[in-house]
Each structure stands twice: as C-alpha cells, then as structure tokens.
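Asker: Sequence:
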Amino acid sequence: MKKNRQAIGVFDSGYGGLSVLNELLKSMPNYDFIYLGDNARSPYGTRSYDVVYDYTLEAVEKLFSMGCELVILACNTASAKALRSIQQNDLPKIAPNKRVLGVIRPSVEQIASLTKTKHVGVMGTLGTVRSNSYPLEIAKLFPDVHVTQEACPMWVPLVENNEVETDGGRYFIKKNIDSLLSKDSLIDAIILGCTHYPLMETEIRKILPDHIQLISQGDIVARSLKDYLFRHPEMDVRCSKNASCEFFTTEFVDSFEEKAGRFLNTSLIAKHIRF
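Read in order, the letters of the sequence shown correspond to residues 1 to 275 in this note's numbering.
Worth double-checking, as some hints may not be accurate.
Calculated pairs, BS3-like style, for lysine-lysine (alpha carbon to alpha carbon, straight line, at most 30 Å) [claimed, not checked]: (1) Lys98 / Lys118; (2) Lys140 / Lys183; (3) Lys116 / Lys140; (4) Lys93 / Lys206; (5) Lys241 / Lys206; (6) Lys175 / Lys259; (7) Lys183 / Lys259; (8) Lys118 / Lys226; (9) Lys140 / Lys226; (10) Lys26 / Lys206; (11) Lys259 / Lys116; (12) Lys226 / Lys259; (13) Lys116 / Lys241; (14) Lys226 / Lys98; (15) Lys140 / Lys98; (16) Lys241 / Lys98; (17) Lys116 / Lys174; (18) Lys140 / Lys118.
No lab work stands behind these hints, which were simulated from the structure alone.
Put together the whole structure using the sequences plus the hints.
Answerer: In structure tokens, the structure reads:
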C-alpha cells in the first residue's frame with residue numbers, strides 16, 4: 001500500500017459491497033479507495049449481533065490502521081447490527097476524528113420520493129430482516145409509510161455462485177418476490193436491502209410488475225457520500241485523491257479475484273490480510 005494515503009475504506013463481509021464500490025469509483029474517480037472483504041467469516045447475515053459487531057469493529061480498526069479516515073460499511077447486516085454501537089461507543093475512544101457510515105439511512109431517505117401508496121417492501125438477508133433496521137429507520141423519517149419485509153436466504157449464494165440466470169435461480173427470485181407481494185398488494189417500491197442484490201436486478205425486474213420501483217443501494221450511497229463530503233469539507237480534505245483502489249480479503253486471493261471481477265466487470269489484483 002502506498003504511504004501517505006488516506007483512502008476511503010469500503011467494508012463488506014463478502015463481495016456485495018463491491019456493487020457499492022463500483023458506483024463510488026464511477027462517481028468519485030479521483031479519490032483513493034481500499035476495499036476489505038471479510039470473506040473468511042462470511043456470511044454475516046445469520047450471525048448474532050455480538051459476533052457481527054465484533055467482526056465489524058475489527059475490520060474498521062484494520063482500515064483505520066491502513067490510513068483510512070472514513071469507512072463505509074457497504075454491508076446491510078453490519079450497518080444494521082454494528083454501525084450505531086461503533087459510532088456512539090467506539091469512535092469517541094479509538095478515533096474521535098474519523099467517521100464510519102452505513103448504507104441503510106441513505107436508502108431509506110429515498111423512500112418518500114418513490115412511493116405513492118406509502119406501502120414499501122424490503123428484501124434482505126435473514127439478519128437484516130430480523131434486525132428490523134429498515135422499518136425502524138423508515139418509521140423515524142416517514143411514520144406514515146407501511147413496511148413489509150421478506151428474507152431471501154438463497155439470494156446471496158445465487159450471486160456468489162453465478163447461478164442467478166439459471167432456472168433454479170429464477171425459481172428462488174420469483175418465490176421471494178411472490179411471497180413479499182402476497183403479504184401486501186399495495187407495495188409500489190422495494191428496497192434491495194443487500195449489496196449483492198444489484199447483480200440480480202435484471203432478473204428481478206423481469207418478474208416485478210412494471211409499476212413497482214426498485215431502490216438499489218450503490219448509486220444512492222455514492223450520491224450520499226458525495227453530499228456528505230461536500231457538507232464536511234474538513235473530512236474531504238483529509239481524503240487523498242490519487243485515483244487508486246486496492247483490494248484486500250481475509251480468504252483465498254484467487255477466489256476473491258474471480259468473484260470480485262464479476263461485480264466490477266474487470267480484472268483486479270487482491271491481497272490477503274489478517275486481522
């Protein structure tokens with residue numbers, strides 16, 4: 001890693017955060033980024049609050065030690081189960097001048113402009129759904145919006161094993177969409193509450209009725225981060241801008257490079273890292 005770099009850290013338990021990174025690279029090409037995937041301990045979606053918190057804090061501290069001034073938790077489970085504790089309890093002690101941001105709040109902020117019926121669906125991992133983070137956050141900002149959730153435990157494996165466009169993949173996508181809409185026929189907007197799901201968007205749209213809006217997180221998080229740095233120039237000036245990006249994984253490098261290449265549609269070189 002280059003010295004004197006103060007990159008923006010992007011963390012995920014696996015590969016999904018790459019869909020967010022992809023939009024960040026498009027939107028903020030001059031900035032430096034470090035992507036860290038904790039693939040050795042993925043998935044986080046079925047783990048307890050305490051375990052997700054411990055793992056996420058380890059990753060944040062690692063990215064801080066690598067020079068990151070700002071870290072994006074590009075993982076819905078980590079954002080749901082660990083972000084608030086890290087922001088409120090840990091940062092004041094370990095790095096009061098650094099910041100950690102998540103992906104849930106920016107997504108929720110888009111709701112009001114996309115739903116006319118005020119009935120919204122959330123599709124996510126079991127952990128994200130069980131956390132109730134989306135309903136709670138939506139209730140704070142838009143208390144008149146009704147939220148229905150659907151856990152999609154097969155969707156992440158479909159993406160990571162390149163099975164989305166198979167008959168089996170389409171079966172599970174349709175099964176979960178049908179289940180969600182059967183719970184509330186008035187839904188006219190759906191949040192894709194997992195950063196893996198943008199890679200399924202084409203197949204999802206084939207099944208969804210045309211009038212239902214999809215809220216995909218990558219572009220939303222990128223726009224939100226640009227706005228955050230505009231409103232906080234003191235942080236923006238601390239983020240180095242050499243148009244570079246490095247990739248780190250806690251698992252096998254070869255496997256990470258192959259799967260990550262599908263998310264970014266390009267070849268890349270990754271390095272193994274230990275916490």
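Asker: Keeping to a limit of 30 Å between CA atoms, is the pair of lysine 140 and lysine 226 held or broken?
Answerer: holds (23 Å)
Asker: Compare the distance between the alpha carbons of lysine 226 and lysine 98 with 30 Å, and conclude whether the hinted pair is satisfied.
Answerer: holds (17 Å)
Asker: Please verify whether lysine 140 and lysine 183 have alpha carbons no more than 30 Å apart.
Answerer: Satisfied, since the Cα-Cα distance of roughly 23 Å is no more than 30 Å.
Asker: Could you grab the alpha-carbon distance between lysine 93 and lysine 206 and see if it respects the 30 Å cut-off?
Answerer: violated (48 Å)
Asker: Quick one, are lysine 241 and lysine 98 close enough, alpha carbons at most 30 Å?
Answerer: Between lysine 241 and lysine 98 the Cα gap is close to 17 Å, so the pair holds against 30 Å.
Asker: Has the given pair, lysine 116 with lysine 174, been kept, meaning a C-alpha gap of at most 30 Å?
Answerer: holds (24 Å)
Asker: Taken at face value, is the distance from the CA of lysine 140 to the CA of lysine 116 at most 30 Å?
Answerer: holds (18 Å)
Asker: Please work out if lysine 116 and lysine 241 have their alpha carbons no farther apart than 30 Å.
Answerer: violated (40 Å)
Asker: Are lysine 241 and lysine 206 close enough, with their CA atoms no more than 30 Å apart?
Answerer: violated (39 Å)
Asker: Holds or violated: are the alpha carbons of lysine 175 and lysine 259 at most 30 Å from each other?
Answerer: With Cα atoms ~25 Å apart, lysine 175 and lysine 259 stay inside 30 Å; holds.
Asker: For the pair supplied as a hint, lysine 118 and lysine 226, is the alpha-carbon distance within the 30 Å limit?
Answerer: holds (28 Å)
Asker: Has the given pair, lysine 259 with lysine 116, been kept, meaning a C-alpha gap of at most 30 Å?
Answerer: Between lysine 259 and lysine 116 the Cα gap is close to 38 Å, so the pair fails against 30 Å, i.e. violated.
In terms of the numbered hints stated before, the structure departs from hints 1, 4, 5, 7, 11, 13, listed from lowest to highest.
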